[in-house]
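Colleague: Model the full structure from these sequences, guided by the hints.
Quick note: the sequence shown, position 49, residue 49 per full-length UniProt numbering, numbers continuous.
In case anyone wonders, no lab produced these hints; they're calculated from the structure. Note that the structure is a prediction, hence the values are computed from the model and not measured. Please note that the accuracy of each hint is not assured.
Beta-carbon label-pair distances, calculated as ranges [said to hold, decoys possible]:
no., residue 1, residue 2, range
1, Glu-104, Thr-67, 25 to 31 Å
2, Lys-36, Asp-84, 19 to 25 Å
3, Ser-121, Leu-9, 28 to 34 Å
4, Asp-84, Asp-5, 28 to 34 Å
5, Lys-17, Ser-118, 30 to 36 Å
6, Glu-69, Met-1, 37 to 43 Å
7, Lys-8, Val-88, 27 to 33 Å
8, Lys-73, Gln-29, 21 to 27 Å
Glycine residues also receive a C-beta, built at the ideal position from the N, C-alpha and C atoms.
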Amino acid sequence: MAVHDDCKLRFQDLKSKRSYRFILFKIEQQQVVVDKLGEPTESYDDFMASFPADECRYAVYDFDFTTEENCQKSKIYFVAWSPDTSRVRMKMVYASSKDRFKRELDGIQVELQATDPSEMSLDIVKTRAL
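Modeller: Next up, the structure:
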């Protein structure tokens with residue numbers, strides 16, 4: 001499975017320049033490509049609403065939070081979205097390509113796998129950040 005250069009470039013922009021709040025990726029014609037870019041002002045709800053109900057996606061999300069010591073921090077999350085309603089073949093392709101794709105994105109700090117929105121709720125993201 002090939003990874004389009006744009007995926008890595010956009011991820012670097014998210015990581016170093018904070019140009020995006022999130023990026024959704026999809027597999028198209030045997031390669032991973034950028035599906036959607038979330039503006040820095042977009043919320044976690046906007047991110048959640050970006051996932052299709054019946055298709056798999058990969059995503060990265062730049063999550064800002066405050067620690068108990070009152071320090072501002074951020075972590076980059078990798079989300080593997082594989083809804084129960086997606087086709088079996090699609091789930092298999094995404095599952096088998098995930099680790100290779102993730103290795104291309106240097107700087108992922110937390111990984112979430114979700115089959116429905118409750119598995120990547122904001123509460124879960126906050127818990128995993130600390």
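Colleague: Take the hints in turn and mark each one as holding or not.
Modeller: Now for the hints, and whether the structure bears them out:
Checked against the hint of 25 to 31 Å, the pair Glu-104 and Thr-67 passes, with Cβ atoms roughly 29 Å apart. Taking 19 to 25 Å as the suggested C-beta distance range, the pair Lys-36 and Asp-84 conforms, at roughly 22 Å. Between Ser-121 and Leu-9, the C-beta spacing of about 30 Å keeps the proposed range 28 to 34 Å intact. For Asp-84 paired with Asp-5, a C-beta distance near 33 Å keeps the hint of 28 to 34 Å intact.
Taken as a hint, the range 30 to 36 Å holds for the pair Lys-17 and Ser-118, whose Cβ atoms sit roughly 32 Å apart. Between Glu-69 and Met-1 the CB atoms are about 41 Å apart, so this pair conforms to the stated range of 37 to 43 Å. Between Lys-8 and Val-88, the C-beta spacing of about 29 Å keeps the proposed range 27 to 33 Å intact. Hint check: Lys-73 to Gln-29, Cβ distance near 38 Å, so the stated range 21 to 27 Å is violated.
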